[in-house]
Amino acid sequence: MPQLCDFGTSTIDSFPIHNAIPAGISHICHHSYEIVQVENLLIKIDSEITRGNNQIEVLRKIPIQIELIDNEFVAGMEDANIFSSGESIIQAVDNFKDCFFENYLYLQKAPPQSLGPGPVQSLLVMRKYLRIIENADH
Amino acid sequence: MLTTEHAEKIAKKLKAKIEKSQKGHDYARIFFGGKLIAYFGIRRSSKDTGHDHIPRMIFLPPHKTKQLAICTMSYEEWIERMKELEKI
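Sequence lines, in order, name chains A and B. Take 1 as the starting number for the first sequence in this note's numbering and just add one per residue. Take 1001 as the starting number for the second sequence in this note's numbering and just add one per residue.
To be clear, the hints were calculated from the coordinates, so they are not data collected in a lab. Check each hint, because a few of them may be wrong.
Below, a list of computed lysine-lysine pairs in the PhoX-like style, where the Cα atoms sit at most 20 angstroms apart [unchecked claim]:
#1 A/Lys-109 / B/Lys-1020
#2 A/Lys-109 / B/Lys-1017
#3 B/Lys-1066 / B/Lys-1009
#4 A/Lys-109 / B/Lys-1035
Given only the sequences and the hints, what does the whole structure look like? Please build it.
Right under this line is the structure:
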């Protein structure tokens, strides 16, 4: 069962486990380019967020995996093929959120015929979690 | 570890279009035949930050990704792999 972490209002400076390993990860080995530990998390984000002129509704909690690869944390969602790195878990999750929202907006607005098979699959997955509810461009 | 420098070299090798973001990232978007086939974020930081998220976003194992950056793997080889994976 994935652990639920509420990163919705956290900041890198204020979050208590900055640069720390969360409970449940008991053994860490550092080997270049080997995934040494995987932790499943669900990130709960504010139900609505704004990016530029876009208001995005977060439809459900977003499941991510945290991995430690060569002394860097990588947060990602395999199904959407979105991954981001960070020096701490919080940085990796924050970067993942940015990447997830930015790429969702890009893919959602792109003409469908301009997307290859990978991005189409990513967008289909992202649509389960996000929806544009207001766009000042229109 | 894949660094910012590696990330930038990979983006250049794969002929990516770089989109600047207001956040701490740029986005490298790779097109082939007029279609977007892959993309990844490049972290902007004062120090050399890690980019170990890139291999899976471009459908390569880590050592092959590094080969892209250091020129022992070509753009054509990567395109061939993308075709094999039916990502093109």
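Here's how the hints hold up against the structure:
no.: 1; hint: A/Lys-109 / B/Lys-1020; result: 17 angstroms, holds
no.: 2; hint: A/Lys-109 / B/Lys-1017; result: 17 angstroms, holds
no.: 3; hint: B/Lys-1066 / B/Lys-1009; result: 10 angstroms, holds
no.: 4; hint: A/Lys-109 / B/Lys-1035; result: 14 angstroms, holds
Comparing the model with each numbered hint stated earlier shows that all of them hold.
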